[in-house]
Amino acid sequence: MGQLASVAESLLLALAANGDRGAFAELVQRRQPGVRRFMRQLCRDETLADDLAQQVFLRLWRGRARLAGVVSFGGYLRQVMVSVWVDETRTREPLHDTLEEEAVSTAARLPPPTGLAQDLEWALAQLPPRTRLCVVLCHSEGRSHSEIAALLDLPLGTVKSTVTRGSATLRTLLGAYLVESTAPPGGGKE
Amino acid sequence: MDDELKALFAAYDPMLEQRDFAAALEVRLDAMERHARTARWAGGIAATGVLSALALLSSTQLLTVFTQMNGFANELDDALLSSAGQWTLYGVTAIALFFGWRRIRVLLSL
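Sequence lines, in order, name chains A and B. If you count the first sequence from 1, position 170 lands on 170 in the numbering used here, and the numbers rise without skipping. If you count the second sequence from 1, position 101 lands on 101 in the numbering used here, and the numbers rise without skipping.
All clues given are correct.
With a straight-line cut-off of 16 Å between C-alpha atoms, the simulated EDC-like cross-links for lysine to aspartate or glutamate are:
{"hint": "1", "chain 1": "B", "residue 1": "Lys6", "chain 2": "A", "residue 2": "Glu141"}
{"hint": "2", "chain 1": "A", "residue 1": "Lys160", "chain 2": "A", "residue 2": "Glu147"}
{"hint": "3", "chain 1": "A", "residue 1": "Lys160", "chain 2": "B", "residue 2": "Asp2"}
Everything labelled a hint here was simulated from the structure, so no lab data went into it. All values reported here derive from a predicted model rather than from experimental measurement.
Looking at chain A on its own, in the form it has when it is part of the complex (with noise of 0.2 Å):
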């Protein structure tokens, strides 16, 4: 597998495509630090997100012949990631949020800080789903707001106002980080 690791991605997809798992096996090991950063925003739970983060892998290759006409890798991937996290969010909880749960989240306070890593992702658990689901993909992902529209195939107002709300609950949230210009309170570091 070591021979692999300076294989261009477009051969690796080639390969794995043909059902090569060492290929593969490169692919998830350049690729699962940010399937599994993704997962774990938007679920806070390690192990939920970790089981997320392999259905990803395990969806990529049971439609592994796919891959080999794939333009743009991280986008496919990331329709895999939202696909993955809006079915398991569909067995969990609505994807529709109100602005009732929206004025709940709001009302809920940092508790004590005890590191970025652990507050944001208590921060980020605070939003309904779909609007967690589009922070993150703004924020973290670096998507932009008509990117993330027809992602989600949603309006593209209705995203607008999402990460807009969502962006203000977790400023409100978040607030002692901010304010330090996104040192931790205290200097505590995860």
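Given chain A, put chain B in place with the hints provided.
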């Protein structure tokens, strides 16, 4: 304002353990492959069963038509009829399996 939030997200580091994740994924991939292989074999066996049943059915039908042909039964004695019928049965079954095997192989390679 959003830049501050983006900076917060950029600083987010959940400290992920890579080895455990890869090992667990390998196990799940193996299980998925095994399951897919079992499903392919089950599909192949079911297809063989259906094709064999169809072959038997069609040869039996053919035999019935064969024996009911006008005047044929009267011209051949029972032994010859039985032998011809059996050989017809074997022949049609072999032909059906010969052509059916290609379908079964396609199913197995899915």
